[in-house]
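Protein chains in written order, with my numbering: chain A, 1 to 187; chain B, 1 to 129.
Some chain A residues judged to face chain B by a derived CB distance under 7 Å, without partners named:
| no. | residue |
| --- | --- |
| 1 | P34 |
| 2 | N112 |
| 3 | K138 |
| 4 | I142 |
| 5 | G145 |
| 6 | Y147 |
| 7 | G148 |
With a straight-line Cα cutoff of 25 Å, these simulated DSS-like cross-link-like pairs (lysine-lysine) come out:
| no. | chain 1 | residue 1 | chain 2 | residue 2 |
| --- | --- | --- | --- | --- |
| 8 | A | K138 | B | K75 |
| 9 | A | K177 | A | K164 |
| 10 | A | K157 | A | K177 |
| 11 | A | K138 | A | K164 |
| 12 | A | K164 | B | K75 |
Rather than coming from a laboratory, the hints here were simulated on the basis of the structure. Where is the CB? At the ideal position from N, CA and C, for every residue including glycine.
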Amino acid sequence: MNLRRAAAASAIALPIIAILGFGLTRDPGEIRSPLPGRMAPDFELPVFAIGEGPLALGTQDTIRLSELRGNVVVLNFWASWCLECRFEHAALSNVAEEYEGRDVRFLGVLYNDSPDLGTRWIRDMGGQRYPSVNDPRKRAAIDYGLYGAPETFFVSKEGIIAYKHVGRVTEGVLRQKIDSLLAVTPQ
Amino acid sequence: MTLVRGFALVLALVSLQVAAQESPLERRTRDVASQLRCPVCQGVSIQDSPSELAVEMKNVVREQLAAGRTPEEVKGYFVEKYGDWVLLEPPATGFNLLVYLLPVFAVLGGLLIVWLAVKRWTAPGADAI
Chain A
1 MNLRRAAAAS AIALPIIAIL GFGLTRDPGE IRSPLPGRMA PDFELPVFAI GEGPLALGTQ
61 DTIRLSELRG NVVVLNFWAS WCLECRFEHA ALSNVAEEYE GRDVRFLGVL YNDSPDLGTR
121 WIRDMGGQRY PSVNDPRKRA AIDYGLYGAP ETFFVSKEGI IAYKHVGRVT EGVLRQKIDS
181 LLAVTPQ
Chain B
1 MTLVRGFALV LALVSLQVAA QESPLERRTR DVASQLRCPV CQGVSIQDSP SELAVEMKNV
61 VREQLAAGRT PEEVKGYFVE KYGDWVLLEP PATGFNLLVY LLPVFAVLGG LLIVWLAVKR
121 WTAPGADAI
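Taking the hints into account, I'd like the entire structure generated from these sequences.
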């Protein structure tokens, strides 16, 4: 009888333990994006921060993502109210400068913010090496399935989203992802 | 008390009036928007969220419905961007099935335990309470 009870208790408890155990192996904050592996949604947005050096554009310009095809594109959604954006800013600017002259383009997309505040923020942060565009209707943000800022997308030379990075991005992550995409020859 | 009742009555009449004035497109938009999760909120639909992103997502819903897409196609658009997570009611497939099946198993298990307990209490020779 005791053996039967133990078997019945195990039959109930073991699946529950297995499910809870499986849950422990997962990050509750991580929501998997379906976007990597798909074509990067195209957009055409106005430039509000022109960038510096050879990557600089005019403020009257617009950028269409598909025109950057043939380059690895690092697409960073940011905002002046976003604390983590403050911490990743130097990494993005430094790595953008490091890869100048190669087939890599960095592009900031201002999310849920005003260009005036964005411009002031860039000035306070000591500048931004690459240009930023404004997404006033948040359509690019929705197209990229954004949950918040910062989020960084790595787009291959063929225009496919290869990686999505949620939260603060580091120089190490940037170099590793960019190098892996530069190593791939477009077919 | 009379004042409260009067206020409730006026509120109900105004709600009815608003519902009656709602266009079919707006009704369909509300229906789809209440099934989509707001990405920047905690378990709230884009219909109920005042956040700017949710408002804009609702505009996308409205535009796509107005362009002739079906509610399923509109929801599919958001699933393509955010995954099944964006649906407040996840589809009953794969791992999600557990969400629907576990409560059923829990109730059945509970009923079994109650049945076994009652059977034991009422068995001949069981101690009277």
